[in-house]
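Work out the full structure: start from the sequences and follow the hints.
Those protein sequences? They're chains A, B and C, same order as listed. Under my numbering, the residue at position 315 of the first sequence is numbered 315, and the numbers go up by one with no gaps. Under my numbering, the residue at position 47 of the second sequence is numbered 47, and the numbers go up by one with no gaps. Under my numbering, the residue at position 98 of the third sequence is numbered 98, and the numbers go up by one with no gaps.
Where hints are given, some of them may not hold.
[What the hints assert, rightly or not] DSS-like mimics (lysine-lysine), calculated; alpha carbons at most 30 Å apart, straight line:
#1 A:316 - A:188
#2 A:341 - B:148
#3 B:91 - B:3
#4 A:110 - B:3
#5 A:67 - B:12
#6 A:102 - B:3
#7 B:3 - A:341
#8 B:148 - A:67
#9 A:287 - A:301
#10 A:195 - A:295
#11 B:148 - A:102
#12 A:341 - A:188
#13 A:316 - A:110
#14 B:91 - A:341
#15 A:102 - B:12
#16 A:341 - B:69
#17 A:331 - B:148
#18 A:341 - A:110
#19 A:331 - A:110
#20 A:188 - A:295
#21 A:102 - B:69
#22 A:295 - A:191
#23 A:341 - B:12
#24 A:102 - B:91
#25 A:102 - A:67
#26 A:287 - A:188
#27 B:69 - B:3
#28 A:67 - B:91
#29 A:341 - A:67
#30 A:301 - A:316
#31 A:102 - A:201
#32 A:331 - A:195
#33 B:3 - B:48
#34 B:48 - B:20
#35 A:341 - B:20
#36 A:110 - A:295
#37 B:69 - A:67
Don't read these hints as lab results, they were simulated from the structure.
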Amino acid sequence: MSNFISENTPNQPVYVDNDPQSDITTLNLGPTHPATHGVFQNVLQMDGERIISGISTIGYIHRAFEKIAEHRPFYQITTLTDRLNYCSSPINNMGWHMTVEKLLGIEMPKRVDYLRVIVMELSRITDHLICNGILGVDTGAFSGFLYLMEEREHIYEIFEEICGARLTTNIGRIGGFERDFNDIAFAKIEKFLEKFPPILKEFETLFNRNRIFIERTSGVGAVTPETALNYSWSGPILRATGVDYDVRVNEPYSSYQDFDFEIPVGTTGDVYDRFILRNEEMWQSLKIIEQAMEKIKKEPKGVFHADVPEFYLPPKEQVYNNMEALIYHFKIVMGEVETPKTEVYHAVEGGNGELGFYLVNDGGRTPYRLHFRRPSFINYQMYAPMSRGMLLSDAIINMSSLNVIAGELDA
Amino acid sequence: MGKIANQHIIDKLSTQFGEKILTPSEPFGLLTFETSVTIIADVLAFLKNDKELQFIYLTDITAVHYPEKTNALAVVYHIHSLIHNVRVRIKVFIPTSNPTIPSATTLWEGANWMERETFDFYGIQFIGHPNLVRILNVDDMTVFPMRKEFALEDPNRVDKKDFFFGR
Amino acid sequence: MSDINLVEAPAGVEGAGFFATSLEKVVGMARANSLWPLPFATSCCGIEFMATMGSHYDFSRFGAERPSFSPRQADLLMVMGTIAKKMAPVLRQVYIQMAEPRWVIAVGACASSGGIFDTYSVLQGIDEIIPVDVYVPGCPPRPEAIINGFNKIQDLVRSESLRRRESPEYSALLAKYGIQ
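See the structure below:
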């Protein structure tokens, strides 16, 4: 069991030159990770197996998203947001679209909101599947991961039916979706809702009361709620410490207030709590998807976008036949549409926490400034102070339970 | 607890700091105001430690570059009061010639990497930061890439000649 | 009777207790069907690779059962994902540490040419620093595409001459990248 020294741990690098006579070794937990977490580096000073101090260096996949976003029109930034948290790209896409819709003051029909909720909750499930599967792999249990990857394939099939892509989905448009969900998509979602719960149950029986897993993960990386809030944590790891902050409930977006779901909250904030919490969140996501499927049946059929011809591209047949559609198409693509010159901040609950978009608009075709408030980046800064005093194997599990996605870390 | 009104927050700030709280506005319901670099540390500490307001959660620190203004760099803080479910945006404009501002790491540990990222991209010096070095870009970079005068593409790339692309 | 495909034996003269063929063909066959990949997964293509290694698409049926994370023991360097300029020296070091014979496959648009990220911080294609054998386009490429790229590598491996790694053309190729 490890101790996490809380408030007074200085967030400073402690690094002395290597003296061959000293017992302290320097270990480079380098950018090329065996555990496929992503490219970030920790230079650790070790006394045998125990970590004395560590420095995190990141930026090995810095792709300058914010700079690119200043040169792309609004509808092209969706493809950039895909690649932030690439394990759950639809959430990023929807968050971006909602930010622009908030800026433009577009009101979405309920059916579009419910369809968005289905897509976002499915992608939340994919994110947690990867995180828990990889946590299993890091503790040495590989088979759970293989079962979960098969379930991810089923979700990929649903995404493919909706938008054509598996991983970096670029789902939706500003104003709704590009096409309605067809019957095959709904049938696949129904089948998923039927086939997935037994697999998740089996995964839980493999891990939840497994003596070795509990001994490995319980007590590792325990965090107090005050420390977590001080470090601006959010998402499942913050909820594991006991703070029930969930953006879906605090500031409901996309009609989340119409749904009945619970927010699981942990007690100690250690790795075992985070694992159980992510499993519970997957059950809650399934509940939300079932409710959404029921609610969609009561809404008027065929509505898949808001009625905003200034921002939503008209269908191509009308562009070739109808004068207004042609003009709207031209104005949207060339960026001649009037947009308010103001700034907006919108946050959604991503797989890792509060994913925020701060958009400063100057009325032109491209944003003046777009900043992504990335939860992995902000969550990860506590990792180096937190791993002080831990054994190396515990530090690895701690890192994988933080669910740091490299694309979101470096942006 | 219910939401407290934005006007109430502004009133409390004005009684404490008077003239220094400038241009309050509410774009999309989010209270936004400007303040000066001399009192920003006190404003943040007041908002965090006040028993009623309790803005204990730092959401984000970032910056925006407005080259046409005299004070061209704007440091933007987003803070959040979880008890009252209220957000506030604070902007501080500082000149490019002397881009210094007190660090928020004394109040929130989470400001550490946020300020490093802002320094990396805009060159803003946060006084009192324990380790203000570059975080995302390569360590030996000399310029600050998010400023408007820096180009997006790599200047040394030879195979994308402008001539072929009609630029 | 199972429907598992076995690898075909190369052309040769068969007799009672002996089989005569050329050494190149046997070595090529053995190498091609037991390539040990080094998954250098940086971003989204890495997740598609994890799906390829999973049980649905099953990468290991082509012989790549053991992904090695140590360059010294790997044959095939699979670069999957964007390589930023900060990461480029690391990639080069990993390539230099690999023992001959070694092959490189660039999976995805970012590894092939920089992808959608035409910025100051992204390396516009890994072939600026290391020699690449096969490029797999896509963003991310489907698992079938990654397997297709792997099959092309297998074709290259099967038909490679034994003397290639000592030949002057190969040394000239490496010298072009500054690798001894």
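(message) Are any of the numbered hints broken by this structure? If so, which, sorted upward?
(response) 5, 12, 27, 31, 32
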